[in-house]
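Peer 1: From first to last, the protein sequence lines are chains W and Z.
So the first sequence is numbered by the numbering used here: it starts at 1 and just counts up by one.
So the second sequence is numbered by the numbering used here: it starts at 1001 and just counts up by one.
A couple of the hints might just be wrong.
Said to hold, decoys possible - Pair by pair, the computed Cβ-Cβ distance ranges are:
1) Ala135/W to Asn1141/Z: 54 to 64 Å
2) Lys1143/Z to Thr216/W: 19 to 29 Å
3) Arg118/W to Pro1044/Z: 46 to 56 Å
4) Arg147/W to Glu1071/Z: 28 to 38 Å
5) Leu1074/Z to Gly232/W: 38 to 48 Å
6) Glu156/W to Ala1110/Z: 38 to 48 Å
Everything labelled a hint here was simulated from the structure, so no lab data went into it.
Ideal Cβ placement from N, Cα and C applies to all residues, glycine included.
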Amino acid sequence: MLTKRIIPCFDVDHGRVVKGISFVELRDAGDPVELATQYDANGADELVFLDITASSDYRDSVYDLIAETADQIFIPLTVGGGVRSPEDVRKMLEHGADKVSINTAAIESPQVISDSARRFGPQCIVVAMDAKKIADSKWEIYTHGGRNATGLDAIEWAQQATDRGAGELLITSMDTDGHQDGYDIDLLRTVRNTVDVPIIASGGAGTPEHLYDALTVGGADAVLAASIFHFGKYTIQDLKNYLQRRGLPMRPVE
Amino acid sequence: MTAIYDNKIVTIIDYGAGNLRSVARAVSHAGYKPLITSDPTDIPEAWSLIVPGVGAAADTMHNLQTGSFIEPILDYTKSGRPFLGVCMGMQALFDSSDEDGFQKCLGVLAGKIIRFPEGSIIPHMGWNTVRFGNEIPLFSNIKNESYFYFVHSYHAVPDNNDNVLAETQYASKYVPAIVGKENLIGTQFHPEKSGQAGLQLYKNFLDLAYEQKSICA
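All chains should be built: construct the whole structure from the sequences, respecting the hints.
Peer 2: The following block contains the structure:
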């Protein structure tokens, strides 16, 4: 039986893992290569590595860091952050990424999704979207790490990204991200009812029950979390045991 | 024997199919030396051949064609030497694929590749259990029903059920997870992304190949 996935996420800034609260306050959480090895050993089903370094002169060293991280693990690695073109996608795949996550560039030029999906296959193209609630059952897409409003409706964008060849959607709620009060279940459910690609829930995991809700009521195929792991609050084993007890199929920790 | 056999060098075909690093690392982990090559003249020399693959059937066949890989691969498989196809490298072994209409494939195994039914979540993405058919040496030290990492929208429908060595269940049906015939196998999942179980499968395949034992029996 296909299991639900637990995906630790690293936001990496200048080579260090950091995690912000609602996209701003950053706290240092460690070395990405070390953390990746730990999470693989502890039963993570995949890893997501998002480079949030703003300065462009740093970009080339990011590829080395991706390679160093990828070389430590035998589980899938998704990489994102600053992906502008199919050429950027190629470089990341070449440095050991299995999937590449595209966010701002996909909104500015949706053709990037189509071109990348055609060239590398939809299975390695993840479209990441940052959504903010603006009314009941209505969300708006933001770009540039949550700084710029786009006027784009999140559900319509989810549909368009999928039509263009995204193989998976990474849905982050800006309202819940970093607060550890739970995912935006209504947002997940609405996206789930709209598209037929796998969706990853992101933003707000604080307790095992939050993960359970996203995977059941929210209809997510995978849950992404950062804060809940990095500071040792729960281990992946704890979360998998809990979810398994509540009847969800999980891959046992080896 | 040849130098590449003596030096345990495993030939991995690079026809532009994305991430080969992890395949090469899995081969190293098993105690062999990966040779990633885009030169088709390396194929006749090989004692073990791995064809990885991601992406679409049409692109895969197009790239194999433009890289002049098709004839050498067919000659190689006819020779009965050990072959491993991964994901699209497995699907390409069949007669044809429905992906993007109709795509003729290598025809080494009889059957075709079809899409998962509408209404399911596609791709089939994530860790799923693999049920082995017969307990053959290829599965040594791997628990039956172990989890492997899948990502695919199309699946194989072999004409001959004997070619199905292991299955997985998705979208309310059983689909082939490992296919094979004599010394040739193909995995629908990515063993190089499947933790310890996947690494063990690489090791079993390469050890059997190196010791010149039968892969599928």
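Peer 1: Hint by hint, which ones does the structure fall short of?
Peer 2: 3, 4 and 5
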